[in-house]
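A.B. asks: Given chain A, work out where chain B should sit, using these hints.
If you read the protein sequences in the order shown, they are chains A and B.
If you're matching positions, the first sequence starts at 0 in numbering that gives the first Met the number 0 and goes up one per residue.
If you're matching positions, the second sequence starts at 0 in numbering that gives the first Met the number 0 and goes up one per residue.
Don't take every hint at face value.
In silico lysine-lysine, DSSO-like type, Cα no more than 30 Å apart, as pairs [said to hold, decoys possible]: (1) A:102 to B:102; (2) B:45 to B:129; (3) B:123 to A:102.
Quick caveat, the hints were computed from the structure, so don't treat them as lab data.
Number of protein chains: 2
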Amino acid sequence: MPRLVMKFGGTSVADLARIANAARKVQREVESGYDVIVIVSAMSGKTNELVGWVDAVSPLYDAREYDAVVSSGENVTAGLMALTLQEMGVPARSWQGWQVPVKTTNAHGAARIEDIPPDNIAAKFAEGMKVAVVAGFQGIGPDNRITTLGRGGSDTTAVAFAAAMQAERCDIYTDVDGVYTTDPRIEEKARKLDRISYEEMLELASLGAKVLQTRSVELAMRYKVRLRVLSSFEDVTETSGTLVCAEEEIMESKVVSGVAYSRDEAKMTLVSVADRPGIAAAIFTPLAEAGVNVDMIVQNISEEGRTDMTFSCPTDQVTRAEKALDEAKAKGTINYHGLIADKDVCKVSVVGIGMRSHAGVAARMFQALAAEGVNIKVITTSEIKVSVLVDRKYMELAVQALHDAFELENAA
Amino acid sequence: MPRLVMKFGGTSVADLARIANAARKVQREVESGYDVIVIVSAMSGKTNELVGWVDAVSPLYDAREYDAVVSSGENVTAGLMALTLQEMGVPARSWQGWQVPVKTTNAHGAARIEDIPPDNIAAKFAEGMKVAVVAGFQGIGPDNRITTLGRGGSDTTAVAFAAAMQAERCDIYTDVDGVYTTDPRIEEKARKLDRISYEEMLELASLGAKVLQTRSVELAMRYKVRLRVLSSFEDVTETSGTLVCAEEEIMESKVVSGVAYSRDEAKMTLVSVADRPGIAAAIFTPLAEAGVNVDMIVQNISEEGRTDMTFSCPTDQVTRAEKALDEAKAKGTINYHGLIADKDVCKVSVVGIGMRSHAGVAARMFQALAAEGVNIKVITTSEIKVSVLVDRKYMELAVQALHDAFELENAA
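Here chain A stands alone, though its shape is the one from the complex (with noise of 0.2 Å):
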């Protein structure tokens, strides 16, 4: 039998209705001549309950700890979905992610994934068994305690199992119908994409797209892992949500597919810095030892030996930068007249893997924004993206003129 997983997120499996709706959609892929693995995360709410008794109790908590309170949501909502089916007539149990088992790090929080023995589970498809529910989010550490995977951890479940168990396709069912050219809450003409490649969905998912999380997007390309987004609270049809695939599979692709923006970006000036080699590697070090995630870097033409190096960071990490910074200045190994933060910013990025065989993709960014009066203050570019900072009040301005400048209302 060809093999499908379907992943439930939270919203999708809220309460008992819901549950009986998603156990629905997983009949009909039964029916249709599937093996089913479904993943599915904790009953919406659940796991912020069990995290903020953990908080309460211990606010620099045994991270094991937490791991052990915070999985048994998804065991739950495992347990009921299988009996669920069961009652519908399809053959079901559930595994807790030990059982299978889902053997990852040791990093209790933020484990990752290092191997799932499809074994136990083929077993029971071969005796008969049409269906295994999954909780997800969760694992086995090498010391034989429970792990969780980190936010959005489900769908890293979910890629997962599908290359383990080589599924035909991974189905992410969630509150959205699809991958969108932009944020239709933001300019109304997007349209959601039929199809979007790794690479492109990677891009859009780490700038601020949040559908899927970037890690099971990452995980997905590594094992050409078919990923399908699609909401639970539709029918399905061949047409319905996004399909995250392999380039080859994409029969047009358009230049640009999409607008991303993002809000959590603050930009970062390092005034009149001494210039002289090694400077970069003098600042961006200390940085990167605060664990401060830097984006891009821009440094000026150097006047009369000096610079100003400019460069963004998670607005949340402003204060860690500073002082990474500031110990840096105080230690002799930079030397700066002064660090100025603006956090009224926002990154908005152009992405399409169109690009690599198409020129100007980035001056006709340029002018669209030009021609609304938008002001570009630090420029970044990949393979397939473009990216600019701009001031904040003018990101709805600039997502719209974008879109409209590569024509993304035509997309499909």
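C.D. replies: What follows is chain B alone, placed relative to chain A:
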């Protein structure tokens, strides 16, 4: 280090404040020199919530999935208790049943503990851990799936750990402060007992005094585990609670230790049964096969080859008993003129190991009841117990009369 088992029921860990209260009691025992194994129930209400979901999804549920869902409540408490102890500076960690492992039979929903290898926990004690917090009520079956032990199973878990880990004592913390000579709600002169023998506690537990689960007392008796019942909501002193222990530890045993009652008994009478050898077997075999728990049995004197046969069984099994007897009559294996079920009765019992060496307890009991005008319908006795069935309206009166007659207000 000597070891101690401490078990906290659902009301004792109902919220974070109560978990902290329980943890302080554990801390005190650690400070006085014990390595402690703490057995926890689910926060009160949680198990009912989980059971409610399972029932709603699947009235005739798969017991293996039921166990997977319902056991999660204890896991949450175990983790929270370990974290709370760590916050107090007490080295603690949690174990789920499968991690210990608590090996059980495969009877999901009503499994029996078969083995608890002490090595894992003992090794951690040797490394300096002071408290092992274990999720009660659960284990792992031979099929590597989670099992539960049935209602009140956490008491059984506690006693089994005390036996497996050679604990000095097993303290059961609950919402009452000990075992009483009778129910204080019925007889205000009821006194807390300092000590009671396993045999007496077993009679009291199975007769309706709901302090300890019968199975846990049986297990304690078999493995000579000293069991103390005490309140989580009071300070613990030398004389707190009631010690359930071997007869030898009780200096001077009273003839009668307590008066128990049960409202859940019904009296059934088969009128005019054809009296012949084997008639009792013909009646009680189909009842046993139908799962009816027959308690008392009385056979009238035979007249003209016919007799009346009276027995008692739990009220909620009356319908089942009637069906089994009607079927036997239809098959012709028994013959009777009428079947009368009387649910308006109750069972009142006096219990005491002193009865073994003191004659006349039954006579004194019957006199006390006669003096109050209470008519006795059925009598049954064991080595350390005399039980009578009386009209339900006399229950309080009978309990009070017997409490007086055996001078239990002077017990201690």
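A.B. asks: Quick check: which numbered hints come out false for this structure?
C.D. replies: Violated hints: none; all satisfied.
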